[in-house]
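Chain order of the listed sequences is R and Z.
Just so we're aligned: 55 in my numbering is position 55 of the first sequence, and the numbers increase by one with no gaps anywhere.
Just so we're aligned: 23 in my numbering is position 23 of the second sequence, and the numbers increase by one with no gaps anywhere.
It is worth saying that the hints were derived from the structure and are not from the lab.
Positions of the beta carbon are idealized from the N, C-alpha and C atoms, including for glycine.
Check each hint, because a few of them may be wrong.
Stated by the list, open to error - A few chain Z residues facing chain R, derived, Cβ under 10 Å:
1. L213
2. V246
3. I250
4. N253
5. D254
6. V256
7. T257
8. S259
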Amino acid sequence: METVSEQIITRSEILPIRTQIDLVHVRQRVRTWLSEERFTLIDQTKIVTAASELARNALEHGGGGQMEMSLLAVGARKGIRLKFSDQGPGIVDIAMALKDGYTTAGGMGLGLGGSKRLMSEFDIQSSPGAGTVVTVTRWK
Amino acid sequence: MIKLLKMMRDNQDRILTDWLDGLKASARRRDLIGDVEVKEHARKILTLISNPPPNTVLEDFSSEGWQTVRDQLMEISISRVAHGSSPSETAQFLLSLKPVMFQLIREQLTTTPDELFREIDVTNNFVDAMALHIAESYIQSRDKVIARQQEEMLELSTPVVMLWDGIVALPVIGTLDSSRAQMVMESLLQAIVQTNSRFAIIDITGVPTVDTLVAQHLLKTITAARLMGAECILSGIRPQIAQTIVHLGITLNDVVTRSKLSDAFRLALERSGRTVVQKAGNAPVVAPLAGVS
């Protein structure tokens, strides 16, 4: 029988998303972590961009929330997981929200779908009135 | 507490001297703010407290009668911020008044212990209220300084430079948030009119992250410049940014892009009928094409 390595969290940090300044801080912290963990420049840029999109969603649509950033290790494989949660109005039609070009706030409508393409794993939990939790992971 | 106020009036000089002595003993960084200025502040505050408008009581610092004191505290806090004092140093300035006052009350108001305790309690609360007020004012003053610096930085960080006759460039450096983007657009459009430029190069080498919001701001700026009759060239797109833009699904089909500012400049020169030639020597120069002025 092959043993499956367990996924462990080696590092974790929670950042608030309350103001525009927090968005800058989120980007900077994610970038710092990624360069410390020696992610490639391309990966760094992709992950920071996704973080920027999702954090802005949490702020503008969810009225603010937080981001939990965790460093994962499965055997020798490393990854980063970002979990954005807000207590906003939630999303009625998730499939619609993920569609490119669909926007409710006058943006480009590419934030959610774009972040999904930038990361390796993408999970969204939301229902009207219950807030939204978006979890994204990217493996090295 | 008429007695307290009268006592302060009668002993104003002594209180001032003792207060300043106490401050000198506790001050850690006397180089920040001059003794003369500290003395002046202390004297003003003491005079204002000892001579309040009628019917003003020490028990209620928030009352109308103490407005002059509050204004004076605000003024002191502004000067403290300018001198670089810390908030605790600023509050300490007022708190050092306590031991002086307590000593004086003990010496001069020889009454029942109950009354003595009440006098001390009132003095204590009053000085605390002043210290809280100055701390509050200190933060307000500093916020104002920060806001002003932010505005200045915003203006400084979006310079439009003229590269050639009819060609302007805007090197964007740092995060392009909404207020910044607005500033960038305004200064670029302004420069296009002022310099009568046909070409505008926006260089984003110094922008760390290009997400959908930044892209949207850039596209809006480019569209606006186009409406003004100028052609925009976007330059400074690094490989990792290019990949990210593709993954995000942003299409820049209508936008002329170049990876380097120099390429964008060359393109603008060519489109405006100029060409870059290498002279026989080593210095390359730009010469206008025949027939084009």
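Here is how each hint holds up against the structure:
no.	hint	in the structure
1	L213	holds, 6 Å
2	V246	holds, 9 Å
3	I250	holds, 6 Å
4	N253	violated, 14 Å
5	D254	violated, 14 Å
6	V256	violated, 20 Å
7	T257	violated, 17 Å
8	S259	violated, 15 Å
The structure shown violates the earlier hints numbered 4, 5, 6, 7 and 8.
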